[in-house]
Structure formats: C-alpha cells, structure tokens
Amino acid sequence: MAGRAEPPDGGWGWMVVLSAFFQSALVFGVLRSFGVFFVEFVSAFEEQAARVSWIASIGIAVQQFGSPIGSALSTKFGPRPVVMTGGILAALGMLLASFATSLTHLYLSIGLLSGSGWALTFTPTLACLSRYFSRRRSLAMGLALTGVGLSSFAFAPLFQWLLNRFAWRGALLLVSALSCHLVACGALLRPLSLAEDSAVGGPRAQLTSLLHHGPFLRYTVALTLINTGYFIPYVHLVAHLQDLGWDPLPAAFLLSVAAISDLVGRVASGWLGDAVPGPVARLLMLWTTLTGVSLALFPVAQAPTALVVLAVAYGFTSGALTPVAFSVLPELVGTGRIYCGLGLVQMVESIGGLLGAPLSGYLRDVTGNYTASFMVAGAFLLVGSGVLITLPHFFSCFSAPTSRPQELVIEALDTKVSLPKEEGLGED
Amino acid sequence: MLPGRGAPGARAARTLLPPLLVLLAAARGGWADGASTESPFTSSPVGEGPMTNYSNLSLERHNITLPERSSVQKQVILESPSLMYLTCKFTASGNLTSVCVTWKRGDEPLKNFSHTVEGNSTVRTQYNFTIVNSKQLGNYSCVFEDRKEQRGTFTIQVPEVKGKKKPLITYVGDSTVLVCKCEKCVGPSHWTWYRSNGSVQVPIDANMSAKYVISGAHNNETKLKLMNLLEEDGGSYWCRAVFPLGESEDQQELVVLSFLVPLKPFFAIIAEAVLLVAIILLFEVYTQKRKKHPDDGKEFEQIEQLKSDDSNGLENNAPRQRKK
Numbered sequence: 000m001a002g003r004a005e006p007p008d009g010g011w012g013w014m015v016v017l018s019a020f021f022q023s024a025l026v027f028g029v030l031r032s033f034g035v036f037f038v039e040f041v042s043a044f045e046e047q048a049a050r051v052s053w054i055a056s057i058g059i060a061v062q063q064f065g066s067p068i069g070s071a072l073s074t075k076f077g078p079r080p081v082v083m084t085g086g087i088l089a090a091l092g093m094l095l096a097s098f099a100t101s102l103t104h105l106y107l108s109i110g111l112l113s114g115s116g117w118a119l120t121f122t123p124t125l126a127c128l129s130r131y132f133s134r135r136r137s138l139a140m141g142l143a144l145t146g147v148g149l150s151s152f153a154f155a156p157l158f159q160w161l162l163n164r165f166a167w168r169g170a171l172l173l174v175s176a177l178s179c180h181l182v183a184c185g186a187l188l189r190p191l192s193l194a195e196d197s198a199v200g201g202p203r204a205q206l207t208s209l210l211h212h213g214p215f216l217r218y219t220v221a222l223t224l225i226n227t228g229y230f231i232p233y234v235h236l237v238a239h240l241q242d243l244g245w246d247p248l249p250a251a252f253l254l255s256v257a258a259i260s261d262l263v264g265r266v267a268s269g270w271l272g273d274a275v276p277g278p279v280a281r282l283l284m285l286w287t288t289l290t291g292v293s294l295a296l297f298p299v300a301q302a303p304t305a306l307v308v309l310a311v312a313y314g315f316t317s318g319a320l321t322p323v324a325f326s327v328l329p330e331l332v333g334t335g336r337i338y339c340g341l342g343l344v345q346m347v348e349s350i351g352g353l354l355g356a357p358l359s360g361y362l363r364d365v366t367g368n369y370t371a372s373f374m375v376a377g378a379f380l381l382v383g384s385g386v387l388i389t390l391p392h393f394f395s396c397f398s399a400p401t402s403r404p405q406e407l408v409i410e411a412l413d414t415k416v417s418l419p420k421e422e423g424l425g426e427d
Numbered sequence: 000m001l002p003g004r005g006a007p008g009a010r011a012a013r014t015l016l017p018p019l020l021v022l023l024a025a026a027r028g029g030w031a032d033g034a035s036t037e038s039p040f041t042s043s044p045v046g047e048g049p050m051t052n053y054s055n056l057s058l059e060r061h062n063i064t065l066p067e068r069s070s071v072q073k074q075v076i077l078e079s080p081s082l083m084y085l086t087c088k089f090t091a092s093g094n095l096t097s098v099c100v101t102w103k104r105g106d107e108p109l110k111n112f113s114h115t116v117e118g119n120s121t122v123r124t125q126y127n128f129t130i131v132n133s134k135q136l137g138n139y140s141c142v143f144e145d146r147k148e149q150r151g152t153f154t155i156q157v158p159e160v161k162g163k164k165k166p167l168i169t170y171v172g173d174s175t176v177l178v179c180k181c182e183k184c185v186g187p188s189h190w191t192w193y194r195s196n197g198s199v200q201v202p203i204d205a206n207m208s209a210k211y212v213i214s215g216a217h218n219n220e221t222k223l224k225l226m227n228l229l230e231e232d233g234g235s236y237w238c239r240a241v242f243p244l245g246e247s248e249d250q251q252e253l254v255v256l257s258f259l260v261p262l263k264p265f266f267a268i269i270a271e272a273v274l275l276v277a278i279i280l281l282f283e284v285y286t287q288k289r290k291k292h293p294d295d296g297k298e299f300e301q302i303e304q305l306k307s308d309d310s311n312g313l314e315n316n317a318p319r320q321r322k323k
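Residue numbers (numbering that gives the first Met the number 0), protein chains in the order written: chain A, 0 to 427; chain B, 0 to 323.
These are computed hints drawn from the structure, not numbers from a lab. Check the hints yourself; a few may be wrong.
[Unchecked claim] Computed cross-link-like contacts, DMTMM-like style, restricted to lysine to aspartate or glutamate with a CA-CA straight-line distance of at most 20 angstroms: (1) B:Lys222 with A:Glu46; (2) B:Lys222 with A:Glu39; (3) B:Lys222 with A:Asp242; (4) B:Lys224 with A:Asp246; (5) B:Lys224 with A:Glu195; (6) B:Lys163 with A:Glu45; (7) B:Lys164 with A:Glu39.
[To be verified] Pair by pair, the computed Cβ-Cβ distance ranges are: (8) A:Glu46 with B:Gly105: 49 to 55 angstroms; (9) A:Val292 with B:Asn62: 52 to 58 angstroms; (10) A:Thr103 with B:His292: 17 to 23 angstroms; (11) B:Val176 with A:Asn368: 34 to 40 angstroms; (12) B:Asp106 with A:Gly367: 54 to 60 angstroms; (13) B:Lys73 with A:Asn163: 36 to 42 angstroms; (14) B:Asn196 with A:Leu248: 37 to 43 angstroms; (15) B:Ser70 with A:Asn368: 44 to 50 angstroms; (16) B:Ser174 with A:Asn163: 37 to 43 angstroms; (17) A:Asn163 with B:His189: 29 to 35 angstroms; (18) B:Ala267 with A:Thr103: 27 to 33 angstroms.
[Said to hold, decoys possible] With the Cβ distance kept under 10 angstroms, some of the chain A side facing chain B (calculated, not the full set): (19) Leu111; (20) Leu161; (21) Cys179; (22) Val266; (23) Ala267.
Quick reminder that beta carbons are idealized off the backbone N, C-alpha and C, glycines included.
The task is simple: from the sequences and hints, build the whole structure.
Laid out in structure tokens, this is it:
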C-alpha cells in the first residue's frame with residue numbers, strides 16, 4: 000500500500016493531539032505531582048528525603064533511556080500496540096506499588112516498571128503526532144504539550160485529596176486506574192503510512208543512518224546542553240527565593256505563575272512556529288537565547304517585582320521552546336525516521352538533565368548561594384542555542400521540505416520539568 | 000522553793016537553788032520555742048517550713064511590664080517544683096499615691112508580696128513563692144488600681160502535649176506509628192498511652208501483647224507502634240505525659256480501612272477505561288467499513304463509464320480515453 004505523500008495536517012490528526020494531550024498529562028502530570036506522595040513516603044517508610052526522591056529519579060531515567068526502545072518498537076509495529084502496552088505497564092507498576100512494604104519495592108515498581116511503561120508511551124506518541132502534521136506541526140505540538148502544565152495544576156490537589164481519603168496505598172491504587180487511560184490514548188493512535196517509510200527501512204537501519212547524520216548529532220548536542228540548564232529554576236527557584244527571605248507560600252505562588260506563563264508560551268510558540276516561514280530552528284534559537292538570558296538575570300534581580308517579571312519571562316520562554324524543539328527534528332531527519340530519532344535524542348539529552356540539577360546543587364554548596372547555579376544554567380542554554388546555528392538551512396528564507404520528519408527531543412525536556420517540579424512541590 | 004528547816008538543810012538548799020533556778024529558766028525557754036513553732040503564723044501555704052529543700056528547686060524569674068491602660072498575660076510553663084519570683088512593673092500616669100497594688104490568685108487575694116517605687120512614676124512589685132504540687136498551678140495576677148484596674152497575669156501550667164490533628168488512615172495488615180510530643184519541655188517523668196471506646200479509657204500495656212511497642216527517641220516524645228492492624232484497632236488513642244507538677248494529654252484518631260474501600264472506585268475507573276478503548280476501536284472498524292462500501296460504489300460507476308466509452312469509441316474510431 001503506497002503511503003501518503005503529505006501528512007494529513009488535520010482530520011484524525013486532531014484526535015492524535017487529544018491523545019497526546021492526555022498522555023502528557025498522565026505521564027508528566029503524575030511525575031510532577033509525585034511530590035505530594037513524597038511526604039507520605041518519608042513518614043510511612045521512615046526513610047530520608049534523599050532516598051525517597053530516588054523513586055521519581057529512577058522513573059524519569061528509565062523513561063528517557065528507554066525511549067529508543069519505544070521508538071524502535073514503534074517503527075516496527077506501529078505506535079498503537081506499543082503505546083497500549085506501555086499504558087498497561089505503567090498502570091501495573093502503580094498497582095504493584097500500592098502493595099509496597101519497603102522503599103526498594105517502590106524503586107522497582109514505580110521507578111522501573113512504570114518508568115518503562117512511560118518510555119513506551121510518551122516518545123512514540125509525540126513522534127506519531129509529528130507525522131500527522133506538517134504545516135501546523137508546531138501548533139499541534141504546543142496544544143498537546145499543554146497537557147503537562149494543566150495536569151500538574153489539577154493532579155497536585157487531586158492527589159492530596161486521594162491521600163487524605165485513602166492513604167498512600169489507596170491513592171496509588173487509584174492513580175494506577177487513572178494510568179489505564181493511557182491505553183485508551185494509545186488506541187487513538189491510528190497508524191499512518193507516509194511515503195518515506197519504505198525508503199528508510201527498519202529500526203536498525205534507521206538508527207545507523209541517524210548516527211551518521213551530521214545535523215542530527217549537532218542537534219542532539221544542542222538539546223543536551225539546553226536540557227542541562229533548563230530545569231534548574233524548577234528545582235532551585237523556591238530554595239533561591241527562600242534564601243532571599245521569601246515565605247514558602249509566596250514562593251510556591253511564584254512557581255505557579257511561571258507554570259501559567261509556561262502554558263501560554265507553549266501554545267503561542269506553537270502557533271508562531273507554523274506562522275513564521277523558514278526553518279523552525281531559528282525560533283528555537285530565539286527562545287533558548289531568551290530563556291538563557293532570563294536565567295542569567297535571576298541572581299541579579301532582588302526586588303520582588305523584578306523576580307516576578309523574570310519568573311513570567313522564564314516560564315513563557317521555556318514553555319515556548321518545547322513545541323518548537325519537537326518541530327525541528329522532523330525537519331532534520333524526516334518523518335520516516337522520526338520514531339528512532341526522537342527516542343535517541345531523548346536518551347542523550349537526559350544525560351544533560353540528570354547532570355544539571357546536581358551540578359547546580361553542588362555549585363550552591365560550594366559558593367553559598369544560587370548565583371553561580373543560575374548563571375551556569377543560563378550559560379548552558381546560550382551555548383546550546385549557539386550550536387543550533389550550525390544546523391542546515393538556518394539562514395535560508397524557505398522552510399525545509401515539509402515531508403522531512405524532524406521532531407524529536409522536546410519530550411525529554413518535558414520529563415525533566417516534571418522532576419524539578421516534584422521536588423519543588425515537596426511541601427505540607 | 001524549799002522552805003528552810005535547819006541550818007545544814009537550809010544551807011544545802013541555798014547552794015543548790017541558783018543552779019536549779021537557772022535550769023528551770025532554761026527549760027521554760029525551751030518550751031517557749033516549742034510553742035512558737037506551733038503558732039499558725041507561717042508564710043508557706045503548704046505547711047512546710049519556708050526554708051526547706053531549696054537546693055532541689057529551680058528558680059523561675061518572670062516579669063511583666065504593663066503598658067498604659069491595658070492588661071497583659073504571660074504564659075509560664077513548669078514541669079517540676081520551682082521557686083517562683085514573679086515581678087510586675089507599672090508606670091503610673093499621674094500620682095503614685097493613689098495606686099493600690101495587690102496580688103491575686105484568681106479572685107483570692109495573696110499576701111507576702113513586696114513593692115518598691117522606682118523613679119517618679121514607676122512601681123515594681125514582686126511576689127515570691129514555691130510551687131510544689133499541681134494545686135498551686137493557675138493564674139497569678141498583680142493588680143494595679145489607679146483610675147482603672149490593670150492586671151498582669153501569669154498563667155502557670157504544665158507543658159502541652161501534641162499529636163497529629165488529622166486522623167491517621169491505615170489499612171488492615173499495615174503497621175503504623177502514633178507520635179506524641181511535648182513542646183517547650185525537657186521531659187516528663189512518665190508517658191502512658193490509652194485507648195478509648197466512648198468515654199472509658201483503657202491503658203495500653205506494651206509488655207502484654209506483641210501488637211504494641213512503645214518507644215521514644217528523646218525524652219520529650221513518645222511513639223506507639225501498632226502492628227498487624229485490624230479493623231477493630233481503629234478509634235481514639237490518648238497519650239498522657241505525667242510531670243511532677245501535673246499531667247497533660249492529647250487525642251489521636253486512627254482509621255483502619257479494609258482494602259475493599261478503594262477497590263470499588265478502582266474497578267469503576269478501569270471499567271471506564273476499557274469501555275473507552277472498546278469504543279475507539281469499534282469506531283475505527285466501523286469507519287473503515289464505511290470507507291470500503293463507497294469504494295465499491297465508485298468501482299461500479301467506473302465500469303459503467305468504461306462501457307459507455309467503449310460504445311462511443313466504436314462509433315468514433317477515436318483513441319479510447321480511459322477515465323480514472
């Protein structure tokens with residue numbers, strides 16, 4: 000059966016957007032709101048905070064490192080069966096976690112099992128979404144990714160209510176039931192065959208060709224650098240504000256303000272990415288530079304109004320770079336190779352994310368305040384955006400041919416946002 | 000006084016008499032001392048001598064400074080018997096001569112306080128006493144009556160004990176820990192735990208059953224660990240701290256749920272998810288079938304077109320053009 004020459008750009012694609020919306024909500028919303036469970040686990044297992052936060056860290060690490068596997072399987076079998084299996088695994092992990100008797104049990108069930116379930120859902124979904132759209136790809140991405148922001152608003156109070164009603168065992172049971180909706184989301188992912196699919200071959204061939212693809216490698220490096228700095232504010236902003244003398248409640252409120260502007264930034268940037276002609280990489284560079292600048296300015300701002308303005312700016316620009324980062328990849332490697340490409344980028348850039356927060360914490364321990372941490376984070380972002388200039392057709396006035404799939408890595412950025420937010424939400 | 004009889008007897012009496020008189024005087028003096036200790040006049044409220052056992056008591060000094068026209072209350076937390084020095088300082092707005100200074104416990108007036116005048120308009124009054132048992136706890140006030148009455152009240156009480164306010168939710172088969180802490184205290188002499196069903200409090204004996212373990216990391220907290228919970232273990236638990244000067248206690252609520260409680264919403268949500276999946280897949284099968292039928296219709300039309308073309312072509316002898 001010959002594939003379509005052009006992605007449909009609508010029609011069933013909007014159902015895929017809906018599916019991606021709920022999926023990002025169920026994967027990252029859950030991860031972000033896990034901070035609510037954090038307090039319960041510390042008292043229930045009588046363990047230290049650092050050991051309990053490993054649960055989320057393992058989950059995110061497995062989700063990111065497992066992305067290439069999810070991608071390779073999607074290339075072979077199509078996204079639908081892979082995502083549905085991922086949903087079942089994620090729900091199963093939570094279900095087993097509700098019977099946990101020790102912290103190790105939680106590491107294995109939530110971290111390993113649910114993490115691998117998430118690895119099989121998130122990357123294939125976004126890759127599938129990018130195949131369904133070309134002209135309106137950024138907008139579709141932006142809309143789908145708003146699921147992350149909205150869900151962290153909704154899930155944090157919901158999980159707290161579940162904890163008050165059912166204690167953590169019952170709450171985990173119900174979160175497992177919620178995660179079953181990932182299977183329903185997977186069912187919406189109708190397979191789409193595009194013209195390039197026969198040309199690019201199977202997963203192994205795709206992976207080898209990607210690893211020899213210059214622009215792809217440079218893009219991966221850029222995103223890894225960006226990822227290193229991206230999550231620092233989510234992890235350390237509340238602590239930085241408390242160092243400046245803020246109370247916990249206004250500090251948490253500032254994070255919420257940043258989250259709202261993040262949401263707005265995603266949709267606005269998605270729309271802008273499609274409206275502006277030329278390669279999307281230029282917009283990505285714009286947003287990353289602005290994010291880096293706002294990060295570097297954080298330590299300079301002392302007055303509350305300046306901090307609020309910077310938080311809004313950071314939220315908007317960091318949200319804005321997510322859908323665009325996903326849109327660049329199809330332009331680079333083509334929609335035929337997008338599953339593998341996305342998985343690979345996720346895996347590599349997660350290194351940046353995993354290193355970023357501890358590095359920032361280390362700098363803080365050494366220097367005594369967060370000035371160095373924020374400046375270094377901003378520097379990483381600026382260097383990453385500099386690498387983006389080396390991408391092909393950067394300075395041309397015309398878009399790259401729309402049938403090339405190129406959106407990969409922004410998901411990994413989203414995963415990282417979840418982790419810091421969880422730590423930031425460890426209140427009560 | 001012995002009556003004199005003969006010269007030798009009288010002479011003996013005269014030599015013995017002064018020492019006897021001295022002896023008698025000394026004895027009478029001793030009786031006088033004994034009588035005075037039995038007099039009702041004593042400054043200690045409990046009947047102990049005022050100068051007994053000061054080396055065991057800690058000294059507590061507390062001050063209140065009364066601002067203009069308002070009363071002040073200060074909380075004093077005591078665990079064990081102490082010597083109290085309570086001081087109140089009052090600045091009069093006008094003449095000091097009209098100020099009447101008293102100390103009251105509740106409404107009962109107290110004695111044995113001192114007061115000094117400092118400067119032109121400041122009065123300082125001090126009340127010293129010892130607290131040795133729980134009956135002496137309460138409100139002690141210094142009262143200044145100028146035009147209006149102003150009071151500085153020292154509320155003397157034992158430390159409060161606090162557990163968690165929210166009910167603790169657990170499941171059958173779990174184990175849980177109830178914690179009680181006393182704030183601002185060094186450590187009670189004794190902690191006890193009770194269960195209550197209704198109004199009856201039943202003490203918990205950790206040595207009797209394997210279910211309960213009472214422990215405490217520091218002296219100012221206590222932990223009750225319950226293991227292998229059953230549904231009957233739910234209810235109110237009281238922790239009580241016993242201090243030399245009194246007791247304080249707090250209540251905690253324990254709820255034990257069976258696993259069936261969250262299972263109902265769990266199955267409901269899973270059923271809903273399965274239903275969604277079924278609807279989506281069935282919808283897709285249905286739309287694919289609809290696509291196939293229009294294709295059959297189109298093929299039929301194309302065959303008709305070809306037939307009409309052929310017939311046209313035979314008449315015209317022109318190259319046939321196939322329509323898609």
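These are the hints, each one checked on the structure:
no.	hint	in the structure
1	B:Lys222 with A:Glu46	holds (16 angstroms)
2	B:Lys222 with A:Glu39	holds (18 angstroms)
3	B:Lys222 with A:Asp242	violated (34 angstroms)
4	B:Lys224 with A:Asp246	violated (35 angstroms)
5	B:Lys224 with A:Glu195	violated (65 angstroms)
6	B:Lys163 with A:Glu45	holds (16 angstroms)
7	B:Lys164 with A:Glu39	holds (15 angstroms)
8	A:Glu46 with B:Gly105: 49 to 55 angstroms	holds (51 angstroms)
9	A:Val292 with B:Asn62: 52 to 58 angstroms	holds (57 angstroms)
10	A:Thr103 with B:His292: 17 to 23 angstroms	violated (57 angstroms)
11	B:Val176 with A:Asn368: 34 to 40 angstroms	holds (38 angstroms)
12	B:Asp106 with A:Gly367: 54 to 60 angstroms	holds (58 angstroms)
13	B:Lys73 with A:Asn163: 36 to 42 angstroms	holds (38 angstroms)
14	B:Asn196 with A:Leu248: 37 to 43 angstroms	holds (40 angstroms)
15	B:Ser70 with A:Asn368: 44 to 50 angstroms	holds (46 angstroms)
16	B:Ser174 with A:Asn163: 37 to 43 angstroms	violated (20 angstroms)
17	A:Asn163 with B:His189: 29 to 35 angstroms	holds (34 angstroms)
18	B:Ala267 with A:Thr103: 27 to 33 angstroms	holds (31 angstroms)
19	Leu111	violated (22 angstroms)
20	Leu161	holds (9 angstroms)
21	Cys179	holds (4 angstroms)
22	Val266	violated (26 angstroms)
23	Ala267	violated (31 angstroms)
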